[in-house]
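This is what each chain is made of:
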Amino acid sequence: MSNAATNMPAEHIGWSRDEMAQRAAQDIPNGAYVNLGIGIPERVARFVPEGREVIYHTENGLLGMGPTPEDGGEPELINAGKRRISAVPGAAYFHHADSFSMIRGGHLDICVLGAMQVAENGDLANWSTGAPDAIPAVGGAMDLVAGVKTICVITQHVTKKGQPKLLERCTFPLTGVGVVSRVYTDLAVIDVSTDGFRVVELAPGVDLGYVQERTDAKLLAANA
Amino acid sequence: MIDKQIASPAEAVKDIFDGATVMVGGFGEAGSPIELIHALIDQGTKNLTVVNNNTGSGHVGLAALIENRQVAKMICSFPRTANSLVFPELYQAGEIELELVPQGTLAERIRAGGAGIPAFYTPSSVGTPLAEGKEIRQFNGQDYVMEFGLTADFALIKCRQADRLGNLVYNKTARNFAPIMAMAGHRTIVQAREIVPVGTIDPESVVTPGIFVDGIVDVGDPQHESMLVAEGRTYP
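Order-wise, the sequence lines are chains G and W.
Our numbering puts the first residue of the first sequence at 1, with every later residue one more than the last.
Our numbering puts the first residue of the second sequence at 1, with every later residue one more than the last.
Note that these hints are calculated values from the structure, not bench results.
Just so it is clear, the structure is predicted and the values come from calculations on it, not from any experiment.
Heads up, the beta-carbon is just placed ideally off N, CA and C, and yes, glycines get one too.
Honestly, I wouldn't trust all of these hints.
To give an idea of the chain G side of the interface with chain W (calculated C-beta under 10 Å), a few residues [said to hold, decoys possible]: (1) F47; (2) I55; (3) L144.
Pairs of lysine-lysine residues, derived as DSS-like cross-links and limited to a Cα-Cα distance of at most 27 Å, are as follows [stated by the list, open to error]: (4) W:K14 x W:K4; (5) G:K82 x W:K134; (6) G:K149 x W:K134; (7) G:K160 x G:K218; (8) W:K172 x G:K82; (9) W:K4 x W:K172; (10) W:K46 x W:K73; (11) G:K82 x G:K160; (12) W:K14 x W:K46.
Using the sequences and the accompanying hints, generate a full structural model.
Below you can see the structure in the form of C-alpha cells.
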C-alpha cells in the first residue's frame, strides 16, 4: 500500500464495475435460478460464461428475464428496478405471492445484491442509513436475504467518501442477520467464513495490505 | 344472469367511502389502474388508507391521489422511486403516515387476508428494525416474526381481459399484486382492457376466478403512467 497507489484515482486501481460483475458471473453454475439486485448486480447477467443456462427471476413476477429489447420495450414488462426488459422463450409470469414463495421458500439458488455495509459475521445493511429524515424503503431485500440459498454482494470496497463498507459490525439498520456468503468488491473477492472475512482473490495490482487498510475488520489470507 | 359490468369508472368507485382501506394494484406503473384512481380523485373521497407497493410517480395516478390529500396512510414496501415526488415531501412534513412492510411480507399479508388467515410467521425482517415490537417465535431452532393478514374494503386493479363473470387474465408483469388484492378486497373493482363473451377465456388460463371480482369497467385504451409523467401531465 504505497502512497503512490493511495494517491492514484480510484478508478485506476482494482476491478471496474463490469469486471466485478464478470467475476461474480464466473461463480454462477449452469442451471441456477438467480435474482439480481438493482445496479451493478444487474450487469452480472451479461457475463455468464458460454454454455451455461441460467434463469433470472425478477420479484415483480417473471422467471426468464431477458435484457431490455432494442425497441425500448413496453410499460407492462419491467423488472424490480422498474426498467423495461424482455421475457426469454420459456419464461413464466406469476403474481407477487407466488414470486415471494419462490424466494422465501428457498427455491432460488443465488441472489446478488448491492450493499451499504457488510459485517464479518455476514450481517447485511442495504436499505437505510437510519438517518431520522430519510424516507425508509425496503422493497424485497429482507425477503431475498431470508429465503434465497446463497446471498452474494457486489459493492465498491469503500464509499464515495472513502469509508469502509466491510466492517466488524454494521452501524446501519440491518437487512438480514448473518446472511452474506461472499462479497465481490473492486479490490477483492472475500468470503464470509466462520472465522470472519477471508480473501479469496485479489484484483490485479492490489495486495492484501492495501485491502486491509480499507477494511474495518480483520482480513484473513486465502490459505491462512 | 350474472353481469358484473359497470358503465363507468365514476360509477365503479362511487361506494368508496371516507376512511376506507383501498388496495391499489400495480408495481410502479405496471398494472396501475390509473382510470379508477382518477375517478376516485374526481369523487374526492378522503382519509383513505392505501395499500400499494409504491407511492406513484409524477403528478398522476396514485401520486395525484396522495397530492390531492386524500390519503391519510400508505402501507407499502418502497415509497421512494425515480419520479416519486409527492409522497417524500408530505412524509417529511409529517402529513402522511407510512407503514413500511417488506415486499414479500406485504404480498403474503394480502394473500393471507384474502385466504382467511389472520396471521402467519415469516423469517423476513427478523433481527431488523421492521421486526421490533412484533411477536417472535422459534420453529425448528429458527426465529420467525408474526405478521397479520391484510384485507381491504376495496381493491382497485387492472387486467388485460375479463368476462362478465369476472374471470380475469393479466398482461405480463402488470399482474403483480392484482390476483391477491382481488382476493383480499371485500369489494374488488377491475378495469379491463377488453371484455370478452363468457366462454372465450380458456378455463385453464383464468388467473383470477370471477368469485373474487365484484365489478368490471371497460377501459379499452388505458393511459400509461410513464408517458403521462414524461409529458409533465398532472391530475386533475
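Each hint, compared with the structure:
1. F47: 24 Å, violated
2. I55: 16 Å, violated
3. L144: 8 Å, holds
4. W:K14 x W:K4: 15 Å, holds
5. G:K82 x W:K134: Roughly 31 Å separates the two Cα atoms, so the pair is violated.
6. G:K149 x W:K134: Holds, at about 25 Å.
7. G:K160 x G:K218: 22 Å, holds
8. W:K172 x G:K82: 13 Å, holds
9. W:K4 x W:K172: Since the Cα atoms of K4 of chain W and K172 of chain W sit roughly 24 Å apart, the hinted pair holds (cutoff 27 Å).
10. W:K46 x W:K73: 11 Å, holds
11. G:K82 x G:K160: Roughly 25 Å separates the two Cα atoms, so the pair holds.
12. W:K14 x W:K46: 13 Å, holds
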